[in-house]
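Put together the whole structure using the sequences plus the hints.
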Amino acid sequence: MSLFRYVRGESFLYKLDPRVKILFSIVVTTVAAMTVWWISAILFAVIMALYAFTTDVKEKMKIVVPLVLASFIGTAWAQSMIVPYSYLQYDFGEVHFIYAFPQAFSALGITQANGTAYVPFLGYVQSPVGLTWEGFLYGLQITFRAVAAIASGLLLIFTTQPSDILRSLEKSGLPVEFGFTLLLAVSSVPKVLEASMTTLNALRARGVDFRPRGANPLISLINSLRYIVLSLVTIVILTVRDAVQIAIAAEIRGFRASRRRTYYREIKMSRIDYVALVLLIALLIFGVYLSGIPGFGAVPYNP
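Under numbering that gives the first Met the number 0, the first residue of the sequence shown is numbered 0, with each subsequent residue one higher.
Simulated from the structure, these hints should not be mistaken for lab results.
Just so you know, these numbers come straight off a predicted model, no measurement behind them.
Be a bit skeptical, because a hint or two may be false.
[Said to hold, decoys possible] Lysine-lysine pairs mimicking DSS-like chemistry, simulated, CA-CA at most 30 Å apart:
#: 1; residue 1: 267; residue 2: 59
#: 2; residue 1: 14; residue 2: 61
#: 3; residue 1: 170; residue 2: 267
#: 4; residue 1: 14; residue 2: 59
#: 5; residue 1: 267; residue 2: 14
#: 6; residue 1: 14; residue 2: 190
#: 7; residue 1: 14; residue 2: 57
#: 8; residue 1: 190; residue 2: 170
[Said to hold, decoys possible] Just the calculated beta-carbon pair ranges, DEER-fashion:
#: 9; residue 1: 223; residue 2: 247; range: 33 to 41 Å
#: 10; residue 1: 251; residue 2: 37; range: 47 to 55 Å
#: 11; residue 1: 296; residue 2: 180; range: 53 to 61 Å
#: 12; residue 1: 100; residue 2: 51; range: 25 to 33 Å
Think of the CB as a built atom: it goes at the ideal place given N, C-alpha and C, for glycine as much as any other residue.
In structure tokens:
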């Protein structure tokens with residue numbers, strides 16, 4: 000399952016100092032949060048272009064593309080329902096409803112018109128509650144900020160050894176315990192996904208079908224839920240077993256035995272790292288400057 004693990008490469012991305020790549024993720028996230036949505040879209044496009052310099056690009060796209068699509072669909076769908084109607088009028092001028100819910104849904108924060116609005120198949124309705132096309136567009140704009148941060152974070156994981164991330168955090172002045180905890184949190188996500196895929200594939204190989212089928216839909220649904228619960232138990236067991244192995248390995252190698260640690264390979268900044276550092280600082284300054292210009296800063300609601 001090399002799909003979720005670091006694979007060594009020879010491009011400049013693999014030669015950059017891990018601290019520079021961590022700073023890259025922070026700067027991209029900060030600039031995307033401060034500026035208008037199309038700046039985030041440009042950053043996202045640039046980051047996706049950088050994936051061409053990674054090893055096994057097609058394999059990495061199997062992870063990045065589903066996450067990006069899920070973010071687009073989920074955020075756009077959610078924002079199309081909860082954006083305040085007054086904000087949509089301010090930002091887009093005219094608001095078009097796609098579908099209307101019962102009036103009681105307004106208590107859940109669903110978008111509600113301030114007056115009469117047209118709803119497809121229902122005509123003009125007084126203060127309708129439901130999905131809006133402008134809310135969906137706003138959700139897409141917000142998503143560009145999220146996917147830019149996600150893509151930059153995954154690029155860091157794909158092009159950096161976990162041990163290098165730990166060393167870079169320690170050299171930056173962070174306590175080794177904090178860096179080790181952060182590293183475990185980041186590395187545990189792909190391990191859980193790998194355990195999930197292994198468990199589900201094993202069940203499918205044994206003839207388990209997770210889709211409800213059969214003459215009695217209720218019994219089929221109950222069986223599917225039972226298989227899912229059993230899968231979760233197996234995934235938790237595999238995850239805990241892996242955590243125990245990590246704890247034993249850390250204990251054997253004398254983790255926290257001394258406040259001062261030495262490493263076989265030291266991390267040093269090179270010329271390309273300093274060039275990248277200057278570019279990142281310039282990008283951050285440019286983003287802060289743009290955020291102060293009317294029309295280029297983050298929108299006032301839910302930036």
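Going down the list of hints, with the structure as the test:
no.	hint	result
1	267 / 59	holds, 28 Å
2	14 / 61	holds, 24 Å
3	170 / 267	holds, 10 Å
4	14 / 59	holds, 19 Å
5	267 / 14	holds, 11 Å
6	14 / 190	holds, 25 Å
7	14 / 57	holds, 21 Å
8	190 / 170	holds, 26 Å
9	223 / 247: 33 to 41 Å	holds, 37 Å
10	251 / 37: 47 to 55 Å	holds, 51 Å
11	296 / 180: 53 to 61 Å	violated, 35 Å
12	100 / 51: 25 to 33 Å	violated, 44 Å
Checked against the numbered hints above, the structure violates hints 11 and 12; every other hint is satisfied.
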